[in-house]
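Asker: For reference, the chains in residue letters:
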Amino acid sequence: MPETKMRTISYAQAINEALHEEMERDEKVFLMGEDVALSAISPATAGLGERFGHERVRNTPISELGFTGAAVGAAMAGYRPVLDMRRIDFMMLAIDPIANQAAKLRYMLGGQVSVPLVVRAPEGGGSQNGPTHSQCLEAWFIQVPGLRVIVPSDPADAKGLLKSAIREDNPVLFVEYRALYSLEGPVPDGDHTEPIGKAAVKREGADITLIGIGSQARNCLEAAELLAGEGVDAEVVDPRTINPLDIEGLAASVRKTGFCLIAEEGHKSGGVGAEIAASIQEAAFGALEAPIARVAALDVPVPVHTKLEAIVLPSTEKIVAAANNLLS
Amino acid sequence: MSEEKAPLSDERMQMIYRDMLRIRRFEETAFELFEQGEVVGGIHVSIGQEGCSVGACSTLRDDDAILTTHRGHGHSIAKGTRLPEMMAELLGKATGLCHAKGGSMHIADVSKGHYGAHSIVGSNMPMAVGIGLAFHFEGKGQVAVVFFGDGAANEGSFHESMNLASIWKLPVIFFCENNHFASSTRVQYATSVADISARAAAYDAPGVTVDGMDVLAVHEVMVEAVDRARRGLGPSLVEAKTYRYFGHSRKDPQFGPYRTEEEWNEWKAKDPLLVAERILGVSEAQKKAHAEAVENELRDALAFARQSPEPAPEEVYEDLYA
Chain V
1 MPETKMRTIS
11 YAQAINEALH
21 EEMERDEKVF
31 LMGEDVALSA
41 ISPATAGLGE
51 RFGHERVRNT
61 PISELGFTGA
71 AVGAAMAGYR
81 PVLDMRRIDF
91 MMLAIDPIAN
101 QAAKLRYMLG
111 GQVSVPLVVR
121 APEGGGSQNG
131 PTHSQCLEAW
141 FIQVPGLRVI
151 VPSDPADAKG
161 LLKSAIREDN
171 PVLFVEYRAL
181 YSLEGPVPDG
191 DHTEPIGKAA
201 VKREGADITL
211 IGIGSQARNC
221 LEAAELLAGE
231 GVDAEVVDPR
241 TINPLDIEGL
251 AASVRKTGFC
261 LIAEEGHKSG
271 GVGAEIAASI
281 QEAAFGALEA
291 PIARVAALDV
301 PVPVHTKLEA
311 IVLPSTEKIV
321 AAANNLLS
Chain G
1 MSEEKAPLSD
11 ERMQMIYRDM
21 LRIRRFEETA
31 FELFEQGEVV
41 GGIHVSIGQE
51 GCSVGACSTL
61 RDDDAILTTH
71 RGHGHSIAKG
81 TRLPEMMAEL
91 LGKATGLCHA
101 KGGSMHIADV
111 SKGHYGAHSI
121 VGSNMPMAVG
131 IGLAFHFEGK
141 GQVAVVFFGD
151 GAANEGSFHE
161 SMNLASIWKL
171 PVIFFCENNH
181 FASSTRVQYA
191 TSVADISARA
201 AAYDAPGVTV
211 DGMDVLAVHE
221 VMVEAVDRAR
231 RGLGPSLVEA
241 KTYRYFGHSR
251 KDPQFGPYRT
261 EEEWNEWKAK
271 DPLLVAERIL
281 GVSEAQKKAH
291 AEAVENELRD
301 ALAFARQSPE
311 PAPEEVYEDL
321 YA
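For the protein sequence lines, the chains are V and G, in the order given.
Numbered per the numbering used here, the first sequence spans residues 1 to 328.
Numbered per the numbering used here, the second sequence spans residues 1 to 322.
Hints listed in this document are in silico derivations from the structure and should not be mistaken for laboratory results.
Quantities reported herein were computed from a predicted structural model and do not represent experimental measurements.
Here a beta-carbon is modelled for each residue, glycine too, at the ideal position from N, C-alpha and C.
Do not take every clue at face value.
As the list claims (entries may be wrong) - EDC-like, lysine to aspartate or glutamate: derived pairs with alpha carbons at most 20 Å apart:
hint, chain 1, residue 1, chain 2, residue 2
1, G, Lys140, V, Glu34
2, V, Lys28, G, Glu138
3, V, Lys28, G, Asp63
4, G, Lys268, G, Asp252
5, G, Lys169, V, Glu34
6, G, Lys140, V, Glu55
Unchecked claim - Label pairs and their calculated CB-CB ranges:
hint, chain 1, residue 1, chain 2, residue 2, range
7, G, Ala194, V, Val304, 43 to 49 Å
8, G, Glu138, V, Pro43, 29 to 35 Å
9, G, Gln188, V, Asp35, 38 to 44 Å
10, G, Gly41, V, Asp35, 42 to 48 Å
11, G, Ala312, V, Gly78, 27 to 33 Å
12, V, Arg51, G, Ser192, 41 to 47 Å
Assemble the whole structure, with the sequences as input and the hints as a guide.
Answerer: Structure (structure tokens):
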């Protein structure tokens, strides 16, 4: 088999390439959102307006409810809209079309329609943007049957999973971590897609399983390097999609290591980590040598001040400390 | 002159009357079944509002789209929704349009251009904008009509949808059935303007108020709005003043705390079917023939529904993901 050629690009470039390639491939794909048609605003959408024109790369007014509902309608009528939500925080103005309509219409109408809609939702803290511009809300959306939820943590997955999301016939919430936009990594050349619903082992190890979601998959990899210096061989697993959640893929690692730590940037209570922990103990309770540990944002809003924000958000150091605590 | 603008033939006028009667009798039958406990879930009937649904849908092509509300039986039937499958949905049968998962509030027949009844008030307007956008991309002159009530005109989605349809010049017609009550709240209390159509000015769109009890008046106003939309000139807001004879839903009395029998009788005197008989020139013999045909159709629909099986337990997992 010929070796796949790899290129090093950023997470934002990976998203941009996926959008370019899918719009090229399928004329039913179109983009909508605030400021998507101007290249200077976001690296993820740069160049698309010039390449495909402003009919298909459609700037919207600040009208999240209106354009999200419109995307649901266009999807029902045979198109494949991709929305740019700018920040997931703004999606609260558009919950109804996503949770009440997009996710339920196929079921509620007895299979008469499908809603092939992708909502790109950049999110996350670390930039001193404060309580309403730093949230990680994917946990909310795994409570909505009918909605796929994807949380890529590196450029290859960002590209491969976004391309799969656009080809998916179900509505997809595609969560992008703003802190990862400049992260560079290898991406296979050509039509690179990744399967929805498969976890990926990002680093192999034997002593402890670190499950990282989105930005925290990156921090888990850094933590694993630090732990290696202390003689701990950590395995890092990224669920990549949290609806569907690849419980078997995660449990397989836990059966190997016996210890499990879950890191996420969302709040701890009712978080994605809580769901994963419950599912792992259902699947692999006998393999666990200690209770599952969780590292997450504290249950307070994300404050603006740098020092306060750092107290609230998870970090590589907090993951290392929690891992050591778990193993001791 | 476009096809819609040509004078209506007697045949079409007779069909308009028959569709109104089909709706009236379907809903009377459904309500009776509901009171007997045969309907699964709740129903909201639109009896009294038939002039709106038929007046509007009689201007549409098969490939045009409608979206309606929790009170959507009338629009569904006027757009050509299959009656047996619709009745089966009300009775919670596997053969129902929504496989017994949507019920009365989510009747849809996409094969007939009916993109669904939507039970979250105001939620259908943004979706209509999106279907209008798809039609704009397609360039085949199709239009999307979204029905909503006076209550929904106070939702934020109304503003966002009118604005989007206007700036993008989309073929969407916002059809407001002002039946004067959002559940128990009177429109005059809840609404900043006397005529909801006045709000169209804020979106640089035509806004017209029409007598919703007069099917031909509604038809004529809609011909203009549809023609404008097909020519790429953008949305219109049509407000039809009408009245629902029944309560909002199952436990709401016909009269009661928010309206009087006197007011009810005033509207009843303008009953859309009585008006239609007169203005459409329906003779006694024709009335009889229509009634007979409608009763036969309903009997067959009900028989189909009653003979259909209930959904199998496995159905609970079906149609969630494509």
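Asker: Compare the structure with each hint and give your call.
Answerer: Against the structure, the hints:
{"no.": "1", "hint": "Lys140/G - Glu34/V", "in the structure": "violated (28 Å)"}
{"no.": "2", "hint": "Lys28/V - Glu138/G", "in the structure": "holds (10 Å)"}
{"no.": "3", "hint": "Lys28/V - Asp63/G", "in the structure": "holds (19 Å)"}
{"no.": "4", "hint": "Lys268/G - Asp252/G", "in the structure": "holds (18 Å)"}
{"no.": "5", "hint": "Lys169/G - Glu34/V", "in the structure": "holds (18 Å)"}
{"no.": "6", "hint": "Lys140/G - Glu55/V", "in the structure": "holds (17 Å)"}
{"no.": "7", "hint": "Ala194/G - Val304/V: 43 to 49 Å", "in the structure": "holds (47 Å)"}
{"no.": "8", "hint": "Glu138/G - Pro43/V: 29 to 35 Å", "in the structure": "holds (32 Å)"}
{"no.": "9", "hint": "Gln188/G - Asp35/V: 38 to 44 Å", "in the structure": "holds (41 Å)"}
{"no.": "10", "hint": "Gly41/G - Asp35/V: 42 to 48 Å", "in the structure": "holds (43 Å)"}
{"no.": "11", "hint": "Ala312/G - Gly78/V: 27 to 33 Å", "in the structure": "holds (30 Å)"}
{"no.": "12", "hint": "Arg51/V - Ser192/G: 41 to 47 Å", "in the structure": "holds (44 Å)"}
In summary, the one numbered hint that this structure violates is 1.
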